[in-house]
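Student: Kindly generate the complete structure, drawing on both the sequences and the hints.
Protein chains in written order, with this note's numbering: chain P, 82 to 238; chain W, 82 to 238.
Heads up, some of the hints might be wrong.
Claimed, not checked - Listed next, with one range per pair, are the computed distances between beta-carbon atoms:
no., chain 1, residue 1, chain 2, residue 2, range
1, W, Glu155, P, Gly222, 37 to 47 Å
2, W, Thr121, P, Asp229, 49 to 59 Å
3, P, Asp116, W, Lys105, 28 to 38 Å
4, P, Ser189, W, Thr121, 27 to 37 Å
5, W, Ala104, P, Asn181, 10 to 20 Å
6, P, Arg227, W, Asp107, 37 to 47 Å
7, W, Thr121, P, Gly230, 38 to 48 Å
8, P, Val92, W, Thr231, 46 to 56 Å
9, P, Arg227, W, Thr121, 28 to 38 Å
10, P, Ser103, W, Ser103, 45 to 55 Å
11, P, Val92, W, Thr206, 31 to 41 Å
12, P, Leu233, W, Ser224, 52 to 62 Å
Treat the hints as calculated values from the structure; they're not laboratory data. Cβ coordinates follow ideal geometry from the N, Cα and C atoms, glycine included.
There are 2 protein chains.
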Amino acid sequence: MPKIDLSAVPVKTGSAYPGALSAKMDGRAQQRVGDAGGITQFGANLVTLAPGALSSLRHWHENQDELLVVTAGELTLVDDHGDTPLRVGDCAAFPAGDTNGHHIINKSSQDGQFLVVGTHTETETGWYSDEDMKVTIDADGFSFTRKDGTPLKGEEN
Amino acid sequence: MPKIDLSAVPVKTGSAYPGALSAKMDGRAQQRVGDAGGITQFGANLVTLAPGALSSLRHWHENQDELLVVTAGELTLVDDHGDTPLRVGDCAAFPAGDTNGHHIINKSSQDGQFLVVGTHTETETGWYSDEDMKVTIDADGFSFTRKDGTPLKGEEN
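Tutor: As structure tokens, this is what we get:
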């Protein structure tokens, strides 16, 4: 059945971010609707943000195009240019290689939701705008390091 | 600016379908929000359907994954299994090669809208479920023929 039964798609909370950074993702819930629908060429996640929650740490991708559309609530896009409000039906696009780090914050008092799509690639590097951190993604999974590739130390761990 | 200024994105109406089939797409308006946002790895179109309008003729893709999310109104997914209602936030996925032909119809009395994403591939063949027609897409553009590859004749032209 092509319609995704959202009640049957696992709701993923928590974060893969290391150490204390993980707690910054409290209030975010994600459903991998692309995977649930048998799509393999790109990922599509339905993301629900409680008031105050973040979509991710602010970041940009080297290789993967990313695009989102808001489906509920009022959200705020935060990037190098500051805050931009997003309402239902609003779209935002983040071309691969554009170093304008971005994330979504729910600054409202009600839940917000968006669908985000990103290309599937075999490897990827993501760069964080507000931390000395990058993520390398390959067949072995995620690896978070400092931007120069050395291990994270201190309060991130 | 990552947010797409929808007021600046051209609204495309009409259809590339041949002959009398073209008129079946009356009431559909599309905005290429992925192109507008500089995305190249997949296409993303915001599609508005007036009451009675169709998203496309019922079809399936050989090579391109497709996924949609409803952003306004109440729409109906029509596929080999019949009618399935879709409301805001509902998603539907159409994996490449799945021969379950599908389209969206607005059977309500108000406009409906959805975002649809499809992978960009160099070539593609789409098969129509309710007509003796296929579409071949390559660097030269669209080519509609009968399913056996012979030219369309009769009332389609």
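Student: Decide, hint by hint, whether the structure agrees.
Tutor: Hint by hint, here is what the structure shows:
1. Glu155(W) x Gly222(P): 37 to 47 Å: 41 Å, holds
2. Thr121(W) x Asp229(P): 49 to 59 Å: Given about 30 Å between the Cβ atoms, the range is violated.
3. Asp116(P) x Lys105(W): 28 to 38 Å: 33 Å, holds
4. Ser189(P) x Thr121(W): 27 to 37 Å: 32 Å, holds
5. Ala104(W) x Asn181(P): 10 to 20 Å: Given a distance of about 43 Å, which is not inside 10 to 20 Å, the answer is violated.
6. Arg227(P) x Asp107(W): 37 to 47 Å: 57 Å, violated
7. Thr121(W) x Gly230(P): 38 to 48 Å: 29 Å, violated
8. Val92(P) x Thr231(W): 46 to 56 Å: 50 Å, holds
9. Arg227(P) x Thr121(W): 28 to 38 Å: 31 Å, holds
10. Ser103(P) x Ser103(W): 45 to 55 Å: 53 Å, holds
11. Val92(P) x Thr206(W): 31 to 41 Å: 37 Å, holds
12. Leu233(P) x Ser224(W): 52 to 62 Å: 54 Å, holds
Checked against the numbered hints given earlier, the structure breaks hints 2, 5, 6 and 7 and satisfies all the rest.
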